[in-house]
Amino acid sequence: DAKTTQPTSMDCAEGRAANLPCNHSTISGNEYVYWYRQIHSQGPQYIIHGLKNNETNEMASLIITEDRKSSTLILPHATLRDTAVYYCIVRVAMDNAGNMLTFGGGTRLMVKP
Amino acid sequence: DTGVSQNPRHKITKRGQNVTFRCDPISEHNRLYWYRQTLGQGPEFLTYFQNEAQLEKSRLLSDRFSAERPKGSFSTLEIQRTEQGDSAMYLCAIWGQALGTEAFFGQGTRLTVV
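The listed protein sequences derive, respectively, from chains W and C. Using this note's numbering, you'd call the opening residue of the first sequence number 2 and step up by one each time. Using this note's numbering, you'd call the opening residue of the second sequence number 837 and step up by one each time.
It cannot be assumed that every hint is accurate.
[To be verified] Covered by chain W, according to a simulated footprint, are these stretches of chain C (three or more residues, beta-carbon under 8 Å): (1) 849-859; (2) 940-950.
[To be verified] Cβ-Cβ distance ranges computed for the label pairs, FRET-style: (3) W:R82 / C:P844: 33 to 39 Å; (4) C:K893 / W:V93: 33 to 39 Å; (5) C:N887 / W:I64: 26 to 32 Å; (6) W:M11 / C:R851: 36 to 42 Å; (7) W:D68 / C:D860: 40 to 46 Å; (8) W:H41 / C:I862: 20 to 26 Å; (9) W:D12 / C:E888: 43 to 49 Å; (10) C:Q920 / W:H41: 18 to 24 Å; (11) C:E888 / W:N58: 29 to 35 Å; (12) W:E15 / C:E904: 42 to 48 Å; (13) C:E904 / W:Q43: 23 to 29 Å; (14) C:E892 / W:G16: 39 to 45 Å; (15) W:S42 / C:R858: 34 to 40 Å.
I should point out that these hints are in silico values taken from the structure, not numbers from a laboratory. Yeah, the Cβ is synthetic: ideal placement off N, Cα and C, and Gly gets one too.
Whole structure, please, built from the sequences with the hints as guidance.
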């Protein structure tokens, strides 16, 4: 799986959009970009994933650059409960046997009042 | 509720003792993974089951660790002769075609070896 690079930490004001970047310059054509987050003392929680088109769900939006070498996770209106570590992972689709998620260090997002 | 129940949530044990953790998916899913997470680090893969067959093991999984998944439903992870370095959060994750293309994690078992 391709490696990812994320900032170690970021701050965001409550109510503002949180934009979390991720670089994945060695991503392959069949690899997806996945985002998970982990709130303190809980298991990782799936947020969103995409291949090349931008994606949006009830939690977040995922913007993938045209060359697919980087992406941005957007939390449109961050709340204090969004304070967590956010992991960007690139890998082939989950329904391929034997492929597991490989977590890096993630970005620690602190949402401040 | 992620559909994955892990017990116990916390475990404190003395060095040298054996411990066993359990992962119960709410419904049957063909793939089940165990991860370990130490403080300040992302989760690290330990082992993977396809139904009841253990198909892959990380080099992190020393011979003191053993995992089982009888009948392809719940899974157990046992650590024998625990060491202080085993202190970590142990996470279970499941997915299968019925879940789509994402994994669901349990809340984990936090092990402290004293």
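Now for the hints, and whether the structure bears them out:
1. 849-859: As far as the stretch 849-859 of chain C goes, the hint is violated, because 0 residues have Cβ atoms under 8 Å from chain W.
2. 940-950: holds (count 6)
3. W:R82 / C:P844: 33 to 39 Å: violated (26 Å)
4. C:K893 / W:V93: 33 to 39 Å: Violated, since K893 (chain C) and V93 (chain W) (Cβ atoms, about 20 Å apart) do not stay within the stated range.
5. C:N887 / W:I64: 26 to 32 Å: violated (38 Å)
6. W:M11 / C:R851: 36 to 42 Å: 38 Å Cβ-Cβ, so the 36 to 42 Å window holds.
7. W:D68 / C:D860: 40 to 46 Å: holds (43 Å)
8. W:H41 / C:I862: 20 to 26 Å: holds (24 Å)
9. W:D12 / C:E888: 43 to 49 Å: holds (46 Å)
10. C:Q920 / W:H41: 18 to 24 Å: holds (23 Å)
11. C:E888 / W:N58: 29 to 35 Å: For E888 (chain C) and N58 (chain W) the Cβ distance comes to about 34 Å; the hint holds.
12. W:E15 / C:E904: 42 to 48 Å: With a Cβ separation near 45 Å, E15 (chain W) and E904 (chain C) satisfy 42 to 48 Å, so the hint holds.
13. C:E904 / W:Q43: 23 to 29 Å: holds (25 Å)
14. C:E892 / W:G16: 39 to 45 Å: Given about 44 Å between the Cβ atoms, the range holds.
15. W:S42 / C:R858: 34 to 40 Å: Violated, at about 19 Å.
Checked against the numbered hints listed earlier, the structure breaks hints 1, 3, 4, 5 and 15; every other hint is satisfied.
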